[in-house]
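Here the protein sequences come in this chain order: A and B. Per this note's numbering, residue 1 is the first one in the first sequence, and the count goes up by one each step. Per this note's numbering, residue 445 is the first one in the second sequence, and the count goes up by one each step.
There could be a bad hint or two in this list.
Sample of chain A residues with no beta-carbon within 12 Å of chain B, all distances over it, derived [as the list claims (entries may be wrong)]:
1) R37
2) G342
3) G357
4) D436
Under 8 Å between C-beta atoms, here's a sample of chain B residues computed to sit facing chain A [claimed, not checked]:
5) P512
6) D513
7) R630
8) F737
9) I792
10) K793
11) C794
12) R796
13) G812
14) A813
15) P835
16) V836
It is worth saying that the hints were derived from the structure and are not from the lab. Ideal placement from N, C-alpha and C gives every residue a C-beta, glycine not left out.
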Amino acid sequence: MTTSQLTPGVVAGRLRAGDYCTNFADVAPPLDGHEARVAADRCYFCHDAPCITACPTGIDIPLFIRQIATGTPMAAARTILSQNIFGGICARVCPTETLCEGACVREAAEGKPVEIGALQRFATDTMMRAGPQPFGRAAASGRRVAVVGAGPAGLACAHRLALLGHEVTVFDARPKLGGLNEYGIASYKAPGGFAQAEVDWLMQIGGITFEGACALGRDIMLDGLRADFDAVFLGLGLGGVNALGIPGEDLPHVTPATDFIADLRQASDLAMLPVGRNVVVIGGGMTAIDAAVQAKLLGAETVTIAYRRSRAQMPASRVEQDHATANGVKIVEHAAPVAIHGAGAVAEVEFAYTAEGAQGLHTLPETFRLKADQVLTAIGQKLGALPEGLTLAGRKVAVTGAGRTSLPGVWAGGDCTPGGEDLTVTAVAQGRDAADDIHASLMA
Amino acid sequence: MANLASEFVGIKSPNPFWLASAPPTDKEYNVRRAFEAGWGGVVWKTLGLDGAPVVNVSGPRYGAIYGPDRRLMGLNNIELITDRPLEVNLREIKAVKRDYPDRAMVVSLMVPCDEESWKFVLKQVEDTEADGVELNFGCPHGMAERGMGSAVGQVPEYIEMVTRWVKANSRMPCIVKLTPNITDIRRPAEAAKRGGADAVSLINTINSITSVNLDSFAPEPTIDGKGTHGGYCGPAVKPIALNMVAEIARNPATAGLPISGIGGVTTWRDAAEFMALGAHNVQACTAVMTYGFKIVQEMISGLSEYMDTKGFTSTGQIVGRAVPNVTDWQYLNLNYVTKAVIDQDKCIKCGRCYAACEDTSHQAIAMGADRVFTVKDEDCVACNLCVDVCPVENCITMKELPVGATDPRTGRKVEPYANWTTHPNNPMAKAAE
Ligand SMILES: Cc1cc2nc3c(=O)[nH]c(=O)nc-3n(C[C@H](O)[C@H](O)[C@H](O)COP(=O)(O)OP(=O)(O)OC[C@H]3O[C@@H](n4cnc5c(N)ncnc54)[C@H](O)[C@@H]3O)c2cc1C
Ligand SMILES: Cc1cc2nc3c(=O)[nH]c(=O)nc-3n(C[C@H](O)[C@H](O)[C@H](O)COP(=O)(O)O)c2cc1C
Ligand code: SF4
Numbered sequence: 001m002t003t004s005q006l007t008p009g010v011v012a013g014r015l016r017a018g019d020y021c022t023n024f025a026d027v028a029p030p031l032d033g034h035e036a037r038v039a040a041d042r043c044y045f046c047h048d049a050p051c052i053t054a055c056p057t058g059i060d061i062p063l064f065i066r067q068i069a070t071g072t073p074m075a076a077a078r079t080i081l082s083q084n085i086f087g088g089i090c091a092r093v094c095p096t097e098t099l100c101e102g103a104c105v106r107e108a109a110e111g112k113p114v115e116i117g118a119l120q121r122f123a124t125d126t127m128m129r130a131g132p133q134p135f136g137r138a139a140a141s142g143r144r145v146a147v148v149g150a151g152p153a154g155l156a157c158a159h160r161l162a163l164l165g166h167e168v169t170v171f172d173a174r175p176k177l178g179g180l181n182e183y184g185i186a187s188y189k190a191p192g193g194f195a196q197a198e199v200d201w202l203m204q205i206g207g208i209t210f211e212g213a214c215a216l217g218r219d220i221m222l223d224g225l226r227a228d229f230d231a232v233f234l235g236l237g238l239g240g241v242n243a244l245g246i247p248g249e250d251l252p253h254v255t256p257a258t259d260f261i262a263d264l265r266q267a268s269d270l271a272m273l274p275v276g277r278n279v280v281v282i283g284g285g286m287t288a289i290d291a292a293v294q295a296k297l298l299g300a301e302t303v304t305i306a307y308r309r310s311r312a313q314m315p316a317s318r319v320e321q322d323h324a325t326a327n328g329v330k331i332v333e334h335a336a337p338v339a340i341h342g343a344g345a346v347a348e349v350e351f352a353y354t355a356e357g358a359q360g361l362h363t364l365p366e367t368f369r370l371k372a373d374q375v376l377t378a379i380g381q382k383l384g385a386l387p388e389g390l391t392l393a394g395r396k397v398a399v400t401g402a403g404r405t406s407l408p409g410v411w412a413g414g415d416c417t418p419g420g421e422d423l424t425v426t427a428v429a430q431g432r433d434a435a436d437d438i439h440a441s442l443m444a
Numbered sequence: 445m446a447n448l449a450s451e452f453v454g455i456k457s458p459n460p461f462w463l464a465s466a467p468p469t470d471k472e473y474n475v476r477r478a479f480e481a482g483w484g485g486v487v488w489k490t491l492g493l494d495g496a497p498v499v500n501v502s503g504p505r506y507g508a509i510y511g512p513d514r515r516l517m518g519l520n521n522i523e524l525i526t527d528r529p530l531e532v533n534l535r536e537i538k539a540v541k542r543d544y545p546d547r548a549m550v551v552s553l554m555v556p557c558d559e560e561s562w563k564f565v566l567k568q569v570e571d572t573e574a575d576g577v578e579l580n581f582g583c584p585h586g587m588a589e590r591g592m593g594s595a596v597g598q599v600p601e602y603i604e605m606v607t608r609w610v611k612a613n614s615r616m617p618c619i620v621k622l623t624p625n626i627t628d629i630r631r632p633a634e635a636a637k638r639g640g641a642d643a644v645s646l647i648n649t650i651n652s653i654t655s656v657n658l659d660s661f662a663p664e665p666t667i668d669g670k671g672t673h674g675g676y677c678g679p680a681v682k683p684i685a686l687n688m689v690a691e692i693a694r695n696p697a698t699a700g701l702p703i704s705g706i707g708g709v710t711t712w713r714d715a716a717e718f719m720a721l722g723a724h725n726v727q728a729c730t731a732v733m734t735y736g737f738k739i740v741q742e743m744i745s746g747l748s749e750y751m752d753t754k755g756f757t758s759t760g761q762i763v764g765r766a767v768p769n770v771t772d773w774q775y776l777n778l779n780y781v782t783k784a785v786i787d788q789d790k791c792i793k794c795g796r797c798y799a800a801c802e803d804t805s806h807q808a809i810a811m812g813a814d815r816v817f818t819v820k821d822e823d824c825v826a827c828n829l830c831v832d833v834c835p836v837e838n839c840i841t842m843k844e845l846p847v848g849a850t851d852p853r854t855g856r857k858v859e860p861y862a863n864w865t866t867h868p869n870n871p872m873a874k875a876a877e
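Using the sequences and the hints given, assemble the complete structure.
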């Protein structure tokens, strides 16, 4: 029996074989040389440019664009990568509409910013196609640093430390390098195995050893690392997920959206990946959008994102919301989940309408139900288990300065720390800055 | 719609837009299509003597300079005069003129520097019923090495001599086309007038090397590994051409001598500017080589609309209108004071004015919190650089200080008109009476 979009339940192979390839192709295809020149010509080369300020890694954007415009994309790539070694993935996944492009004066002038993200991709692609990562290492310092977590924070830290002459060991609970670049980012944002290609390229700098499938708290302990290494950097990300806390949450086919995405990113054949006929995604951030769109692209008949506040308040940007609706995802606002119904498997999700009042958000008495064979929860990630002794700030690891934790010799950065938004580019900036700070303290 | 009818040295055309002597006018096929598109006249591609025609290179003959988005700003060429037989060109000229009697048909000529050659070719041209001739004393490459083109145009005595031969041997109006590759454009214009020319046209192309290939280390365009200087034209040369036209228009020795303005004419506005500086009509080449014949439609509609809004009823009312306002530096009003003003509503906060003024001018722009840029009147010398580098039109403007107001930069009151000739710092100042 063949399956289709209308097959009830959670099943694999809803689409024809060729459709998967089309659906999961590059969401924003690269600029060719001519397009890049045209796009680069639009840059005004602003003084103390607002786009630089808006970039968490502070890339000198007008300079790299001028380098593209004058026919030297390799020099442009160096400008980018010297600030942000993950310039390639950032060019693909950064919400540029709220970062650099949002600050572009041509956004103010005519509502059409310079295509900074696409130009950054053009330059970094050119360099990655040309060969190895371009940085050489300083003379060996004789110092050893442990980095726990191989996401963008950890790897940006490791790369910068290696560059400065230190020996680095990177530990990660997962078998592969990359963190959410590899297990979280929507597959159509970085298709063609880009995340792995990029970390392989980055690791060419040398001096970085990777210990995969090695979890802090299980296989290694913080005390041990502090004893064995001259410094420790924690880039643990947010391993846990928030629970809904409503009846029916433990029914089969109610799963965290991040797990669904991780399975999708690791699937060797998308046609083998099961997806519901009617999928309900609960949440309003980037994870909710990515899970919903990818469920739709896998062949779900209906996909609905339910968010408890208004669309304007969604953490996902307007561009991301539009991307979801353009792909056939329905967004329902002012809906808070109160129960998941079903006998043996999920059948319906019940929501209460909400309203914004003087005391904040409250639910109204009236409820409604959405049909669902699969429910994906995306109401936020939280820290996983933490080693003893680290002071917390709210629900994250407290840091001062460039990522110094409460424990001497231990730094932290990325999603597990409070500064900035939880974005790839922020993680890179924090990892890099911590590395510089570690270097300064090791060499002092 | 305003009447654009134009008369130039007795030659009538429905509008003042002619095609300059160049590839667009090199053959019947082109010129017929140009006339169909609406061009008022053409100067046919330069003819030489009969016998074996000249030979052009068979590799690239053009090079280009680009602005943003590959907009062609300047073109350079190493083409020679027509490489088609004289009798073919003459036959075609006759046929086209017969079919388009209302359009101007002027024939460009370049023959060796002896009276017999000119006499011969002029007779041939007269037989075509063409309206006039233009003497190509401007071509800077290839022909100059053979003692023609700019080799003649750079020596006023030769210009005068050849012009005299042409007037002595023909009843046709004679336009002398000038080369800009000379120090003072007034001298060749004066020589043309002395020789009896009915008009001058300018500019021909400027000696240039467009670019150098940094792999082969050869100038571009490159012919089998070598390059040579070619003639530069297109929008980039317009400012040079405008100045030369104005110099001739305001020179008492040539005042009133009709001028056909050439050099970077691309839009109706360019044409109107040439005319305001004393050109009676204009000729275009690079613009049609870039965009095709159709652009004349915009030139026609644009100039008419402009004339209607200004209440001009004939193109003659534009001609020379700006000439009285072209003066020498020494007569500029040194008491005239303006200050740059930034319109905060239009400002997009790029900061280019700040970088320009802070790094290269007078440190007269302040950058406040939140990227608010304001002019410090006490430092602004009104150089206009901020206006020039601002990407938003009319965002930065110059405000004039009235006579009697105090200039915060100098602390002095703005006085009425006075120029350098009477300025106290001028050692040669005439005593103010
Ligand atoms: C679904 C999804 C989509 C996203 N899309 C975007 C996007 O489009 N653009 C964008 O800018 N950002 C996006 N983000 C956010 C972005 O991925 C993160 O901000 C970024 O990856 C944080 O980097 P990090 O290095 O701090 O953490 P992570 O990338 O989470 O890496 C942490 C690493 O630490 C490891 N680890 C955790 N605990 C332990 C332990 N105890 N022992 C050993 N190893 C451990 C994990 O296995 C992981 O590899 C998305 C996030 C999600 C969840
Ligand atoms: C505002 C200005 C003033 C200049 N003043 C002088 C000058 O006093 N002496 C001089 O030799 N050249 C002067 N120049 C010419 C420049 O030195 C230079 O030769 C010219 O601008 C061409 O170079 P560029 O177009 O690459 O800048 C001046 C140029 C500008 C734009
Ligand atoms: S006019 Fe010149 S001096 Fe004045 S503010 Fe502008 S750039 Fe500065």
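Evaluation of the provided hints:
1. R37: violated, 7 Å
2. G342: holds, 54 Å
3. G357: Since the minimum Cβ distance to chain B is about 34 Å, G357 of chain A lies beyond 12 Å and the statement holds.
4. D436: For D436 of chain A, whose nearest Cβ neighbour in chain B is about 28 Å away, the distance exceeds 12 Å, so it holds.
5. P512: Holds - the Cβ of P512 of chain B comes within 8 Å of chain A, reaching about 4 Å at its closest.
6. D513: holds, 5 Å
7. R630: At about 40 Å, which exceeds the 8 Å cut-off, the nearest Cβ of chain A leaves the hint on R630 of chain B violated.
8. F737: violated, 27 Å
9. I792: holds, 4 Å
10. K793: Hint holds; K793 of chain B Cβ to chain A Cβ min 6 Å, cut 8 Å.
11. C794: holds, 4 Å
12. R796: holds, 6 Å
13. G812: Given a least distance of 12 Å, the restraint on G812 of chain B is violated.
14. A813: violated, 13 Å
15. P835: Since the shortest Cβ distance to chain A is 5 Å, the answer is holds.
16. V836: holds, 6 Å
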